[in-house]
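K.L.:
So you can see what is in the structure, the chains are spelled out below.
Number of protein chains: 4
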Amino acid sequence: MEKKAKAAFEAGIKLGALYHQWVGTPISPQTAGSIEKAIEGAVGLQPYVDEISVKIDTSQMVLNTFGYSELSGKMFDVKIKTKVGNATCHAELKLEEDYPMMKITELI
Amino acid sequence: MEKKAKAAFEAGIKLGALYHQWVGTPISPQTAGSIEKAIEGAVGLQPYVDEISVKIDTSQMVLNTFGYSELSGKMFDVKIKTKVGNATCHAELKLEEDYPMMKITELI
Amino acid sequence: MEKKAKAAFEAGIKLGALYHQWVGTPISPQTAGSIEKAIEGAVGLQPYVDEISVKIDTSQMVLNTFGYSELSGKMFDVKIKTKVGNATCHAELKLEEDYPMMKITELI
Amino acid sequence: MEKKAKAAFEAGIKLGALYHQWVGTPISPQTAGSIEKAIEGAVGLQPYVDEISVKIDTSQMVLNTFGYSELSGKMFDVKIKTKVGNATCHAELKLEEDYPMMKITELI
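Chains as they are written, first to last, in UniProt numbering: chain A, 1 to 108; chain B, 1 to 108; chain C, 1 to 108; chain D, 1 to 108.
A couple of the hints might just be wrong.
Same chains, same names: a pair is fine if it fits in one copy or spans any two.
As the list claims (entries may be wrong) - Simulated pairs of lysine-lysine, BS3-like, Cα-Cα distance not exceeding 27 Å:
| no. | residue 1 | residue 2 |
| --- | --- | --- |
| 1 | 3 | 74 |
| 2 | 55 | 83 |
| 3 | 55 | 81 |
| 4 | 94 | 74 |
Just so you know, the hints here were simulated from the structure itself, not pulled from any lab data.
Throw the hints in and build the complete structure from the sequences for me.
P.N.:
Next comes the structure, spelled out in structure tokens:
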């Protein structure tokens, strides 16, 4: 039980961290790929992260007068897998109705 | 079990989030109190947070040429309590040797 | 001329910095005051800042399912005065149509 | 004169913004390149930016227990060129003694 809870805790840390590190970044459909890679690379450095995939939903981008947008929580589609000993947590950050929801999808 | 894991997950989200939201903020011993209050207020708005206490260790501040410092991970002493149903998670963010460590201190 | 340009440069630094430091913070009408104070305190520490006033437009807040909002660029109404020698720059960050515009309002 | 001051103001905005957007990001010598590209791409979207170059000084990285570091102001070596009409501002963000200094290097 302790290891499962820790795997869930660690997944939460990484999702909360990436959200608040990156929200507000200037972004466009053309630069979304480099931001996805940079986030994956940064999160992948952190302890207990086994897999991380970041997609930014460019259809959520509303371009401003100057032709770009800002990364917002609603654009994230993130899947993460953390491992602590033999416990594994799968979690995600994804738009649900109007809220960028973080949740555990599997904990074994 | 599911509720305990979720309480741990939610605690992780809040600690990861506050760390990456606030690190880098210009700060001095004189303004530390207002930053502590602002962080506590912001985290307290988020779901499942039952208690939050933020202390910033001003002894870790090295003032630059212009007489101020920058909020860094090593300055944080944070205690959080999350509740999901009847499950409760106590967690903290605190300097351990040279690393700002996040960990679960009690999960019941 | 050189001092005026530097006063303008310094005003730009502070507005760009505060925007990207604070966007994404969980916020509600009840906590807006403490965030305003924290930002004013943080910016006031930085070199060449003579005056800083931060108002957050709570009417721009759309509360999510959990009853809070996130600080976004559109909520800012910031006025700053920087001084470099005898040069003074007044600048602001304020919503203009749909863009959070930063501009110099007076440079003397 | 007005256009020169605005070019300086815009350069300041971009440097202040990138600093506070990106400081705190987990980073290592292996991921520095992807972060440099992501920052260049993001800043390049913003108005009045003509050229932007971002180098992260990996020799400043002190790896923690888990083998990574955090992007800090001291690691930045940034050069930016902004244009407003026929005015051009060259500015930079670079470590000077112990302070990550932002300054105008040429304004014409």
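K.L.:
All hints, please: hold or fail.
P.N.:
Tested hints:
no. : hint    : verdict
1   : 3 / 74  : between (31 Å within a copy, 26 Å between copies)
2   : 55 / 83 : within (22 Å within a copy, 30 Å between copies)
3   : 55 / 81 : within (15 Å within a copy, 31 Å between copies)
4   : 94 / 74 : both (7 Å within a copy, 24 Å between copies)
Consistency with the previously given hints is maintained throughout, with no hint failing.
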